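Student: Sequence:
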Amino acid sequence: MIRILTAGGTIQDIDYEKYGNHSGNLNKFSIEDFLKSANVSFKYTIENIFKKDSRFITLDDRNYLVERIKVCKSKQILITHGTFTMEDTAAHIGKLNLNKTIVLTGSFILGSSQNTDAPFNLGYAVCSLQFLKPDVYVAMNGRIFHWSNVTKNLETNKFERKDEKQ
Numbered sequence: 001m002i003r004i005l006t007a008g009g010t011i012q013d014i015d016y017e018k019y020g021n022h023s024g025n026l027n028k029f030s031i032e033d034f035l036k037s038a039n040v041s042f043k044y045t046i047e048n049i050f051k052k053d054s055r056f057i058t059l060d061d062r063n064y065l066v067e068r069i070k071v072c073k074s075k076q077i078l079i080t081h082g083t084f085t086m087e088d089t090a091a092h093i094g095k096l097n098l099n100k101t102i103v104l105t106g107s108f109i110l111g112s113s114q115n116t117d118a119p120f121n122l123g124y125a126v127c128s129l130q131f132l133k134p135d136v137y138v139a140m141n142g143r144i145f146h147w148s149n150v151t152k153n154l155e156t157n158k159f160e161r162k163d164e165k166q
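For the sequence shown, this note's numbering assigns the number 1 to the initial residue and increments by one for each residue that follows.
These aren't lab readings, by the way, just hints derived from the structure by calculation.
Computed from a predicted structure; not experimentally measured.
Hints are supplied without guarantee of correctness; some may be wrong.
[Stated by the list, open to error] Here are the simulated PhoX-like cross-link-like pairs (lysine-lysine), alpha carbons at most 20 Å apart as the crow flies:
{"id": "1", "residue 1": "K73", "residue 2": "K36"}
{"id": "2", "residue 1": "K75", "residue 2": "K95"}
{"id": "3", "residue 1": "K95", "residue 2": "K152"}
{"id": "4", "residue 1": "K36", "residue 2": "K70"}
{"id": "5", "residue 1": "K133", "residue 2": "K70"}
{"id": "6", "residue 1": "K100", "residue 2": "K133"}
{"id": "7", "residue 1": "K43", "residue 2": "K95"}
{"id": "8", "residue 1": "K43", "residue 2": "K75"}
{"id": "9", "residue 1": "K95", "residue 2": "K70"}
[As the list claims (entries may be wrong)] So the derived label-pair ranges between C-beta atoms look like this:
{"id": "10", "residue 1": "L154", "residue 2": "K73", "range": "21 to 31 Å"}
{"id": "11", "residue 1": "A38", "residue 2": "R143", "range": "12 to 22 Å"}
{"id": "12", "residue 1": "Y64", "residue 2": "H146", "range": "32 to 42 Å"}
{"id": "13", "residue 1": "F50", "residue 2": "S74", "range": "29 to 39 Å"}
{"id": "14", "residue 1": "R68", "residue 2": "F42", "range": "26 to 36 Å"}
{"id": "15", "residue 1": "K36", "residue 2": "G142", "range": "37 to 47 Å"}
{"id": "16", "residue 1": "I46", "residue 2": "I109", "range": "20 to 30 Å"}
{"id": "17", "residue 1": "S74", "residue 2": "G123", "range": "24 to 34 Å"}
{"id": "18", "residue 1": "N115", "residue 2": "E67", "range": "19 to 29 Å"}
{"id": "19", "residue 1": "D60", "residue 2": "Q114", "range": "33 to 43 Å"}
{"id": "20", "residue 1": "K36", "residue 2": "I109", "range": "17 to 27 Å"}
{"id": "21", "residue 1": "A38", "residue 2": "K95", "range": "30 to 40 Å"}
{"id": "22", "residue 1": "E164", "residue 2": "K36", "range": "30 to 40 Å"}
Ideal Cβ placement from N, Cα and C applies to all residues, glycine included.
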């Protein structure tokens, strides 16, 4: 069974720029909506950890997320997260060697927007999660990145490997 932990971000319609706070948009929108519309056949559970713009995620938040990962019986964990600090959270978790396959994903465009990248990133992350070895990864823009070699390029709005960055 795949355990999905949600932490907010654009994929969950957290729109800091529009709403001016880190509590986000209160649209009736969820990751489960994506999964239901895709008619998936794998078993999953969803746990909402917090709903924040990732710029406001603290060390305490990351430690709480780690605690939820540790107590989870599933060995496959998907984390939805904002893109601003996704690489920081991936590194925080990755350094702990938790012996689980953990994939973080998000979106650059609000999940409720018509042209959102959220469904593609979510589907790609779920697929990747089922084939990767235990470790921590970021799945964005049709690519998989190891937690120790990923960065967000603010000019292109894409994730890339640190060793690719020019």
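Student: Hint by hint, note whether the structure agrees.
Tutor: Against the structure, the hints come out as follows:
{"no.": "1", "hint": "K73 x K36", "result": "violated, 23 Å"}
{"no.": "2", "hint": "K75 x K95", "result": "holds, 17 Å"}
{"no.": "3", "hint": "K95 x K152", "result": "holds, 19 Å"}
{"no.": "4", "hint": "K36 x K70", "result": "violated, 27 Å"}
{"no.": "5", "hint": "K133 x K70", "result": "holds, 17 Å"}
{"no.": "6", "hint": "K100 x K133", "result": "holds, 8 Å"}
{"no.": "7", "hint": "K43 x K95", "result": "violated, 28 Å"}
{"no.": "8", "hint": "K43 x K75", "result": "holds, 13 Å"}
{"no.": "9", "hint": "K95 x K70", "result": "holds, 14 Å"}
{"no.": "10", "hint": "L154 x K73: 21 to 31 Å", "result": "violated, 38 Å"}
{"no.": "11", "hint": "A38 x R143: 12 to 22 Å", "result": "holds, 20 Å"}
{"no.": "12", "hint": "Y64 x H146: 32 to 42 Å", "result": "violated, 24 Å"}
{"no.": "13", "hint": "F50 x S74: 29 to 39 Å", "result": "violated, 19 Å"}
{"no.": "14", "hint": "R68 x F42: 26 to 36 Å", "result": "violated, 20 Å"}
{"no.": "15", "hint": "K36 x G142: 37 to 47 Å", "result": "violated, 23 Å"}
{"no.": "16", "hint": "I46 x I109: 20 to 30 Å", "result": "holds, 21 Å"}
{"no.": "17", "hint": "S74 x G123: 24 to 34 Å", "result": "violated, 19 Å"}
{"no.": "18", "hint": "N115 x E67: 19 to 29 Å", "result": "violated, 36 Å"}
{"no.": "19", "hint": "D60 x Q114: 33 to 43 Å", "result": "holds, 36 Å"}
{"no.": "20", "hint": "K36 x I109: 17 to 27 Å", "result": "holds, 20 Å"}
{"no.": "21", "hint": "A38 x K95: 30 to 40 Å", "result": "holds, 33 Å"}
{"no.": "22", "hint": "E164 x K36: 30 to 40 Å", "result": "holds, 36 Å"}
The structure does not agree with the numbered hints 1, 4, 7, 10, 12, 13, 14, 15, 17 and 18 stated previously, though it agrees with the rest.
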